[in-house]
Amino acid sequence: MKKLLKGLLIAFGVFMALIIVVALVAGDEETTEPAPTEPASDEQKSKETVEEPEEAEPEVVEEPEEPKEEEASKSVGIGETATIEEIGFTVLKANSTQTIDSDNQFIDPVSTDNQFIVLDVVINNGQSEPIMTDSNFFSLIAADGTEYSPKNDGELIMVMPSEKMLFLEEINPGLKKEGMIVFEVGTDIDMSELTLKANAGFWGTKSVNIDLK
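All residue numbers for the sequence shown refer to my numbering, where the first residue is -2 and numbers rise by one.
Keep in mind that the hints were calculated from the coordinates and are not lab data. Certain hints may be false.
Stated by the list, open to error - Listed next, with one range per pair, are the computed distances between beta-carbon atoms:
no., residue 1, residue 2, range
1, Thr80, Ser108, 30 to 40 Å
2, Pro106, Glu160, 10 to 20 Å
3, Ser146, Ser189, 18 to 28 Å
What the hints assert, rightly or not - Subject to a maximum C-alpha distance of 27 Å in a straight line, what follows is the list of computed DSSO-like cross-link-like pairs (lysine-lysine):
no., residue 1, residue 2
4, Lys148, Lys161
5, Lys90, Lys210
6, Lys210, Lys194
In this text, a Cβ means the ideal position worked out from N, Cα and C, and glycines have one as well.
Make a model of the complete structure from these sequences and hints.
What follows is the structure in structure tokens.
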């Protein structure tokens, strides 16, 4: 009888142990099973969706315009008119001398051991407004590129006719101005190889050439 009771108790203990083990396993599965997730709303989807940036059009870089070349210098001869910006330049006469006489008998002539290149020129204003001209707008260019400036000292001014002086002279539209320009150069210079360069203004950005042949 005692053996039977002992066997029943053992069997009951094993049964209870199995129940406890099953209960523990079932509890574990419940805690580890992930909770079902609700489908994301349209608003959430739109927030989560990253819009791809539109492809930027390549920026067109405009190349700077190349500066226009200055108007090419034109070359004419004695007695011909060279025009730049509606201003005409003409060399009426050119001569080489070592002495320049005055129209006034009481004024001594001007002399040099070198040579004077004396030019009679005409400036014609074809613009619609007055222009300013001066002997310093002119220069002589030798064949080797050497440049000579006009002679404007006091002695020369004394012998030069006042009506032919080119000192900041204003020329009205449609009018002409005749003047005298004198250059002093070496005796080895051949006048026929010289070129008169006439600028249209103070800055000398545009000019014409007149050959003294």
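To see whether the hints hold, each was checked on the structure:
The given range of 30 to 40 Å is respected by Thr80 and Ser108, whose C-beta atoms sit roughly 36 Å from each other. A hinted range of 10 to 20 Å for the beta carbons of Pro106 and Glu160 is consistent with their spacing of about 19 Å. Judged by the Cβ atoms, the range 18 to 28 Å given for Ser146 and Ser189 holds: they are separated by roughly 20 Å. Distance hint between Lys148 and Lys161 is fulfilled; the C-alpha atoms sit about 14 Å from each other, no more than 27 Å.
A hinted pair counts as satisfied when its Cα atoms are at most 27 Å apart, and Lys90 with Lys210 qualifies at roughly 11 Å. Between the alpha carbons of Lys210 and Lys194 the distance comes to roughly 14 Å, so the proposed pair stays at or under 27 Å and holds.
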